[in-house]
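A.B. asks: Next come the chains, spelled out residue by residue.
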Amino acid sequence: MPRDRREMEGGDDEIDLVPFMNMVVILIPLLLLSVVFLKVGVVNITAPKLSVGPPSKEKPDDKEEEPLNLTVAINDEGFRIAATGTVLSPVEGCPESGPTICLRNKSKNIGEMVKRARKTSKKDEDEGDKLFRKVSESYDWMTLYNRLMKIKKEYPDETVVNVSGDPDIPYNLIIRAMDVARYKLEKDSYNNREDFWQASIRKSESGEGKFARLFSDPVLAVAK
Amino acid sequence: MTEQDDAPSAFGEEEEEWIKEQRKRDADRENRAGDRDQEEGDVNINSLMDIMVILLVFLLKSYGDQPVKVTGSDLKVPDSSTKLGPEDMTTIVVTRSAILVNDEKVTDVPVDKSQKRGGETSLEIVRLLERLKNVVEENKQESKLMGQDFNPVVTIIADQSTRYRLLTEVMYTAGQAELSKFKFAVVRKKRKNVSPLR
Numbered sequence: 001m002p003r004d005r006r007e008m009e010g011g012d013d014e015i016d017l018v019p020f021m022n023m024v025v026i027l028i029p030l031l032l033l034s035v036v037f038l039k040v041g042v043v044n045i046t047a048p049k050l051s052v053g054p055p056s057k058e059k060p061d062d063k064e065e066e067p068l069n070l071t072v073a074i075n076d077e078g079f080r081i082a083a084t085g086t087v088l089s090p091v092e093g094c095p096e097s098g099p100t101i102c103l104r105n106k107s108k109n110i111g112e113m114v115k116r117a118r119k120t121s122k123k124d125e126d127e128g129d130k131l132f133r134k135v136s137e138s139y140d141w142m143t144l145y146n147r148l149m150k151i152k153k154e155y156p157d158e159t160v161v162n163v164s165g166d167p168d169i170p171y172n173l174i175i176r177a178m179d180v181a182r183y184k185l186e187k188d189s190y191n192n193r194e195d196f197w198q199a200s201i202r203k204s205e206s207g208e209g210k211f212a213r214l215f216s217d218p219v220l221a222v223a224k
Numbered sequence: 001m002t003e004q005d006d007a008p009s010a011f012g013e014e015e016e017e018w019i020k021e022q023r024k025r026d027a028d029r030e031n032r033a034g035d036r037d038q039e040e041g042d043v044n045i046n047s048l049m050d051i052m053v054i055l056l057v058f059l060l061k062s063y064g065d066q067p068v069k070v071t072g073s074d075l076k077v078p079d080s081s082t083k084l085g086p087e088d089m090t091t092i093v094v095t096r097s098a099i100l101v102n103d104e105k106v107t108d109v110p111v112d113k114s115q116k117r118g119g120e121t122s123l124e125i126v127r128l129l130e131r132l133k134n135v136v137e138e139n140k141q142e143s144k145l146m147g148q149d150f151n152p153v154v155t156i157i158a159d160q161s162t163r164y165r166l167l168t169e170v171m172y173t174a175g176q177a178e179l180s181k182f183k184f185a186v187v188r189k190k191r192k193n194v195s196p197l198r
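Protein chains in written order, with my numbering: chain G, 1 to 224; chain Z, 1 to 198.
So here's chain G without its partners, still in its complex pose (with noise of 0.2 Å):
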């Protein structure tokens, strides 16, 4: 009998605690591997207007001055930016013909270069990851801020982009133009890409803590 009173009073003065460590053992490597370490965020987008949602109650009010409707259209060629209707005409440098900001190295072919890493991102997800990444290098972004900040300056309040590209193009471009066009940055303009990549977005002169808009609000066009 006494045996067993101290084997109790043994039991007592500490908790097992082993089953209690298997278990965070267990889970601790098992919620360290799902855990995302990334930081989501997200675009807004206004619908494409073919679609049939509630209409919009805001109509647009006839000013005297005829609306910018600003389109840049990203193609295996560029980027074609159209306002007030009529496509601008191409940049210094680029050919008479194409796009209004042509690639940065005209001779390279975007079609292929995308199907080689549609092919290879099956595969090899970081080897996929960097030749998009490529495609997204071959445009000429910086160009098109410095377009942007020119339209900018002549229709400061209009903050609508309607954004399109063709068929084929990868998302990643179209959410990278989105990226261009939504907030001024530093300088009006740039001549170095590595300059213009390095570059924090201007905050607003108004509010503190807000960033200055460019073409913030973009509305995804229906491919043809």
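Some chain Z residues judged to face chain G by a derived CB distance under 8 Å, without partners named:
{"#": "1", "residue": "60"}
{"#": "2", "residue": "70"}
{"#": "3", "residue": "78"}
{"#": "4", "residue": "81"}
{"#": "5", "residue": "96"}
{"#": "6", "residue": "158"}
{"#": "7", "residue": "195"}
{"#": "8", "residue": "196"}
Just so you know, these hints were derived from the structure itself, not from any lab.
Backbone N, C-alpha and C fix where the C-beta goes; we use that ideal spot for every residue, glycine too.
Since chain G is already given, all that's left is putting chain Z on it; use the hints.
C.D. replies: Chain Z in isolation, oriented as in the chain G frame:
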């Protein structure tokens, strides 16, 4: 012990003495061994436990924190410098191999033309539309019960390689199901880190 000691013994006095001695020695040895065992087994795990419990709570919290999950074996969401955070709502996921609505598979990618109303050139994906209509109906009833207005927003989580054409098809189909506002999920990064130069 006492019982044994008091019991009449068959041994001689000397022998008994010796046995007692032996017993004592044994007992001592046992005690000592016990002491040693206890010292070795008594590693202080309290601090370790503290760390583990804190880690566990932290991980559990961050696990349940994100309303939108953006990783998968065939899903690589593009990076962006956007400043907006995600919300919990209906999601359409477009991976490299399938389209999912609220984590349930709806159709394969690339979408077969038999899946589209009116053939190849159509923008409407039939199965997706059906599924979305159901979801919208559920959401409408839910918000009715809650006394709120139905908010026609949908989050689209798409792989970076998704063709623009497919994206417009998905958006058009969602539009047909009365979902007219879109949020594209991206991986939020600092502007310098989204640079293609890197």
